Amino acid sequence: MVRETYEAEMNSLREELLRLSRMAEDALDKSVKILKDRLFVEGDELILNDEKINLQCHDIEEHCLNIIATQQPVAGDLRFLFATMQIAMELERIADYAKGIAVINNKIPPGSHIQPLVDIPRMQRKAKEMLELSIDSFLNRDIAIAERLPAMDVEIDMLYEQVFRKLVTHVMQNPDSIADAMLLTFAAHNLERVGDRVVNICERVVYLCTGEVVDMS
Amino acid sequence: MTKEGVMKTIDYSLYYGDFKALNGITVNIPINRITAIIGPSGCGKSSLIRSFNRMNDLMSNSRTEGTILVDGEDIYSQDVVRLRKKVGMVFQRPNPFPKSIFANVAYGPRIHGIRDKSKLAAIVENSIRDAALWDEVKDDLGKSAFSLSGGQQQRLCIARALAVEPEVILMDEPASALDPVATLKIEELMEKLKRKYTIVIVTHNMQQAARVSDFTAFLLTDSERAGNLIEFGPTIEMFTNPVDNRTEDYISGRFG
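As they're listed, the protein sequences go chains A and B.
Mapping of the first sequence onto the working numbering: residues 1 to 217, in sequence order.
Mapping of the second sequence onto the working numbering: residues 1 to 256, in sequence order.
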């Protein structure tokens, strides 16, 4: 028995979620490049573009609600819709962290370089990989991938500790740079939070596949 | 054909003797969309859908006020046979004629003067295909329509309605006598049919209205027991954020 209209709605929702995750990933990529290369015009563009990501998230929420209100989804489909709404929110927050990094870049005066950024781009690459895998695992209902990802978050946490330690050491030697160092710590903290958000997505994958609510953090 | 809708009522009231069954209904049925009419028993859903092709004329004591336009023309200034060719109807219980599958579908076109055999055969095939029944009956067109299952008979009745090339198909509880699988087939069929036709469906089943329709009209009786249109709008809006509290009470089961 095939409900073609309903299936088409669910498939289009999958595509919308995938689009939102690409938008969030893209924002994350750009934000770290902006901070690394001190790009102010691109930074302002990224800040403005965040509104589009918010709208995409709202569209997904609305689409989920409409399907729930009109199609009477049950069991796995209902869990999928519930999880999709929550994941859309996580992605929207991830994009907010990217926007936050662009805002931080604007606060650090041009030409003020504490040191070349190495660990922050590394955190971003790790976070991006985690994010891609988490969305794949959700859309393919692949719980094995989701269960593997919290270990990657630990790596991001360790990188954050490393950034923090290096900046503390730097500030001790160069007290004048305390403001910039704190701002860079915030940027790294944003990326650390992205990892946490991806772990939340993984929890939703487990919920989707098993119906169990788990704490993977 | 009017741009805004193939069919509309303007301040339309219907009486059965002294009893007012419908009170001042104004509604515009959007073209190539499925419009569901919902409401509790006795609210006038069937009276309204039966008004569109003048089925209520069969009740000797019925009279109307206001206007119903089909293709911009008052239905009472049109020939009723021509009107019913444009506005076809499918009923709650499948009601095939005691004839073969082929003859059931060919019946309407024959009445409208088509005699050419190959032309009739083409109409029958296309109509049965459009009703998503062809693969199930193509080798048995000469068999009695009663040899089909209930769900198949209902799709045959839809094919019969399609055979005279209507613009609008009225469906009065078309799936209420069917099991869930046959119901689903009818619902999927409606979704396909709306590309070519304007569909109006009366249903007791709110979930069905939510699933299949693009627009919903909610009727409710007033203190005089006359049916009033409480709300009309896109189904998604109606089921997520209705304007009227009475609509919300009804669709969330808090009615009565």
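Source of the hints: derived by calculation from the structure; they are not laboratory data.
Quick caveat: nothing in here was measured; it's all calculated off a predicted structure.
Just so you know, even glycine gets a beta-carbon here, dropped at the ideal spot from N, CA and C.
Check before you lean on any hint, since a few could be wrong.
[What the hints assert, rightly or not] Coverage of chain B stretches by chain A, computed from C-beta distances (three or more under 8 Å per stretch; other residues unrestricted):
id : region
1  : 200-211
2  : 232-240
[Claimed, not checked] Under the rule of at most 16 Å between Cα atoms (straight-line distance), these lysine to aspartate or glutamate pairs were calculated in the EDC-like manner:
id : chain 1 : residue 1 : chain 2 : residue 2
3  : B       : K117      : A       : D180
4  : B       : K8        : B       : E65
5  : B       : K192      : A       : D180
6  : B       : K192      : B       : D222
7  : B       : K185      : A       : D180
8  : B       : K143      : A       : E7
9  : B       : K194      : A       : D180
10 : A       : K107      : A       : D180
Legend entry - Hints that the structure is at odds with (numbers, increasing): 3, 5, 6, 7, 8 and 9
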